[in-house]
Amino acid sequence: MAESGSVPDKSVQVKLVLLGEAAVGKSSVVLRFVSNEFQANKEPTIGAAFLTQKCRLEDRVLRYEIWDTAGQERFHSLAPMYYRNAQAAVVVYDVTKATSLEKAKSWVKELQRQANPNIVIALAGNKVDLVQPSASSSGNNSESEDEADDATATPGEAPSGESESLRQVPREEAQAYATEAGLLFFETSAKTGEGIVDLFTEIARKIPIEHILASTRGAGRAGPGANRAGVSRQEGGVNLEQGAKPKDACNC
Amino acid sequence: MTDEGAFDIVILGTGLVESITAAALSKAGFKVAHIDDNAYYGADEASLSLEEFIEWIHEDHESFSAFSGTYTKLPHARQYSISLLPFVIPSVGALISALIASGVSRYGGFQLVERVGIYDASSGAVKGVPGSKEDVFKSKDITLVDKRRLMRFLMFASGEFEGKPELEGREEMAFGEFLKTAFMLNDETIAAIVYALAFCFTVHDSTLRTLQRLRHYLRSTGRYGSSPFLVGHYGSSGEIAQGFCRTAAVAGGVYILGRATFSITHSDSRYTITLEDFPEPLTCRVLISAATHLPSNLALHQRYVAVSSPVPTFGHGMARCVAIIDQPLSFGTKARSTDEVTDAQTLEPLLDTGILVFPPNSLTASSTSATALVVGEGTLSTPKDRWILYLSMPVLPSEMHSSSPEIILTPYLTAALKTSRSPTPPVPLFTTFYLQNPLSTRRSESESDSGTCLVSPQLPIVPLPDSPDLAVEYAEAVFRKANKALLPDEECAQFWPPLEEAGAEEEFF
Chain A
1 MAESGSVPDK
11 SVQVKLVLLG
21 EAAVGKSSVV
31 LRFVSNEFQA
41 NKEPTIGAAF
51 LTQKCRLEDR
61 VLRYEIWDTA
71 GQERFHSLAP
81 MYYRNAQAAV
91 VVYDVTKATS
101 LEKAKSWVKE
111 LQRQANPNIV
121 IALAGNKVDL
131 VQPSASSSGN
141 NSESEDEADD
151 ATATPGEAPS
161 GESESLRQVP
171 REEAQAYATE
181 AGLLFFETSA
191 KTGEGIVDLF
201 TEIARKIPIE
211 HILASTRGAG
221 RAGPGANRAG
231 VSRQEGGVNL
241 EQGAKPKDAC
251 NC
Chain B
1 MTDEGAFDIV
11 ILGTGLVESI
21 TAAALSKAGF
31 KVAHIDDNAY
41 YGADEASLSL
51 EEFIEWIHED
61 HESFSAFSGT
71 YTKLPHARQY
81 SISLLPFVIP
91 SVGALISALI
101 ASGVSRYGGF
111 QLVERVGIYD
121 ASSGAVKGVP
131 GSKEDVFKSK
141 DITLVDKRRL
151 MRFLMFASGE
161 FEGKPELEGR
171 EEMAFGEFLK
181 TAFMLNDETI
191 AAIVYALAFC
201 FTVHDSTLRT
211 LQRLRHYLRS
221 TGRYGSSPFL
231 VGHYGSSGEI
241 AQGFCRTAAV
251 AGGVYILGRA
261 TFSITHSDSR
271 YTITLEDFPE
281 PLTCRVLISA
291 ATHLPSNLAL
301 HQRYVAVSSP
311 VPTFGHGMAR
321 CVAIIDQPLS
331 FGTKARSTDE
341 VTDAQTLEPL
351 LDTGILVFPP
361 NSLTASSTSA
371 TALVVGEGTL
381 STPKDRWILY
391 LSMPVLPSEM
401 HSSSPEIILT
411 PYLTAALKTS
421 RSPTPPVPLF
431 TTFYLQNPLS
441 TRRSESESDS
451 GTCLVSPQLP
461 IVPLPDSPDL
471 AVEYAEAVFR
481 KANKALLPDE
491 ECAQFWPPLE
501 EAGAEEEFF
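As they're listed, the protein sequences go chains A and B. Residue numbering for the first sequence follows UniProt numbering, beginning at 1 and increasing consecutively. Residue numbering for the second sequence follows UniProt numbering, beginning at 1 and increasing consecutively.
Chain A extracted, bound-state conformation (with noise of 0.2 Å):
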């Protein structure tokens, strides 16, 4: 909005949504970008409402929002509330299960449906690290993050020269599916970190971060009372947390 151009030393929040079959790590990958951390064996979703993580990038710096499906996705029964609003999406699936991802297509198509036209999406092949032979070789390959497809990922069994055939979805199919779509595109393991933080890096590129600015309604929207306590950081609406009275915020 300014003239010179320059982003404001204030952070821009973005929110960014999750989608992909059940299984593929989409926690793991939220996790990982979180707080740098893998948990193998992790039961399915996350139980926070949404995590936050700020993105530096050159003179700006994003405040990731991410929000997980919460299972909603699993008899499709996602709430409209969860596209509304989000500038970016990664939409993830596996490499070493092919259904993954036809279902990650479908998650592309409804993404283009139902979210907001400027979203930026980014496909994500997770698990990659499964179909690394080096990295992985000397340990087994147990830590897939879920038990639900343990069919694909006959854990330690595989010689590693030979986990390259884990893989179901070649690099070049998936890139070109991308590319098509106009989607970004990342391998990525949770697990070792692989293209997890470019991940977020690139997107946080793409954003067209002047446009949220300036679709940002300023406080002269929020009508009276617009300058007081209680006013929100997006939108001009009202906050209702920091408007509350004492009594009512404190949890001791």
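It cannot be assumed that every hint is accurate.
[As the list claims (entries may be wrong)] With a straight-line cut-off of 25 Å between C-alpha atoms, the simulated DMTMM-like cross-links for lysine to aspartate or glutamate are: (1) B:73 with A:110; (2) A:103 with B:4; (3) A:109 with B:51; (4) A:105 with B:277; (5) A:109 with B:4; (6) A:206 with B:4; (7) A:109 with B:37; (8) A:103 with B:277; (9) B:384 with A:210; (10) A:103 with B:280; (11) A:103 with B:276.
Honestly, the hints are just simulated from the structure, not real lab data.
Using the hints, position chain B against chain A.
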């Protein structure tokens, strides 16, 4: 648990009451499945895109009938969020507390209602209603004597009036009569208080209960701004229901939408629910159903969760209108001090959210008041330069007999459109009229503790600010009954356990 389809509780219907119930039960640690045969969340309180709304108009509904109007699809149809239950939310109350305590407030955005106006039948003009003591003080429309009387009344109404001499013996008096005898207010001020501050439907509403509602609104003033009321983003009611459902899901609740219920059977103290197009049946110990989703074969198990409403409810139908317009309305100017007045016309920003109240007999011979709520782009419920106008008016059976929602509401729609500042009032791009049916009479409202099919109370027809808090009170009643049915020997869990802060979040807030 090995059996994936086994739940403690299955809830049928994703209306506001059921969604809040689902969130509370999931957070309390119960295993919950939440089902709706609609493909959308919110049931009779959904927020729909224009496309969905048009589809909805053409479907059959237990709670709505007598549809008419011109409903053609408009450009950017998906950017509209049309609420099936338009309401405003008092800034202090059960819903706001529940939104904060459950963490749902993080998902949704809210906007202050900018303006409340009242239609003056004698002049045909709209006057801004002072919403607070400051407004009264600043107002140029009120004489000094009336100002003093009004201030005295507002002090009384926002305080502990129970047992005060002004009220003694007048608790059941019609509220307007009370204002006249106890505070000697003039008729115009009385109309503003009865209909535009207390949102009474009729002149007969009793004094004590109206005063209690009014106190609730007056105490909501100033919490988030000068207006006591908020409107939720994206169609409010349905978005709030979605927020509670997401919270339920985050706590482990399972969501299945858009599947018809094929059958529900009961044996060995478990219910088995078979859904169409769904691989495995679900089983549960306690079934909770919205009255409109009630399976007919379980009459013996049904237990209607009884609630005592603190709010006067209207026992008949409500005529409703949804219109989409492309010019802002004004609903009167805000009360200002004299030196500000000169700038009022030029500086007043376009009205984004506002309420216009028509006292009874304003335009037609009617015993009830009509209310218009307008919401614009600021509530993220419309595309740019479009506004949704919701009109509602309670109707008596005799009026419905000889008339239709369209005939009843058209004069009010016309008057609301005339508040536009442009020389020619806007012509709605889309209009629909319909009737919200009165609640079905409740069968077997038993208070026995034996039944395990709980029927959640249906939201009655109440004034514009009252359904949100009522929904939470109803949900809490169902929550307690379900707790008791599942854990009869234990103390009931807290309605909202303290929020656990996610570690990753703390750093940045």
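Hint by hint, here is what the structure shows:
With a CA separation close to 22 Å, the supplied pair residue 73 (chain B) and residue 110 (chain A) stays within the 25 Å bound. For a cut-off of 25 Å, the pair hint linking residue 103 (chain A) to residue 4 (chain B) stands: about 23 Å separates their Cα positions. Distance restraint check for residue 109 (chain A) and residue 51 (chain B): the Cα-Cα separation of roughly 19 Å lies within the 25 Å cut-off, and the hinted pair is therefore satisfied. Annotation: proposed proximity of residue 105 (chain A) to residue 277 (chain B) holds, straight-line Cα distance about 23 Å (limit 25 Å).
Distance restraint check for residue 109 (chain A) and residue 4 (chain B): the Cα-Cα separation of roughly 30 Å exceeds the 25 Å cut-off, and the hinted pair is therefore not satisfied. The hinted pair formed by residue 206 (chain A) and residue 4 (chain B) fails the criterion: a straight-line CA distance of about 41 Å is larger than 25 Å. Between residue 109 (chain A) and residue 37 (chain B), the direct Cα distance comes to roughly 24 Å. Compliance with the 25 Å bound is thereby established for this hinted pair. The straight-line distance between the Cα atoms of residue 103 (chain A) and residue 277 (chain B) is roughly 19 Å, inside the 25 Å bound, and the hint therefore holds.
For the hint pairing residue 384 (chain B) with residue 210 (chain A), the CA-to-CA distance comes to about 19 Å; that is within 25 Å, so the pair holds. Of the pairs offered as hints, the one joining residue 103 (chain A) and residue 280 (chain B) holds, with about 22 Å between alpha carbons and a cut-off of 25 Å not exceeded. At roughly 23 Å between alpha-carbon atoms, residue 103 (chain A) and residue 276 (chain B) fall within 25 Å of each other, so this suggested pair holds.
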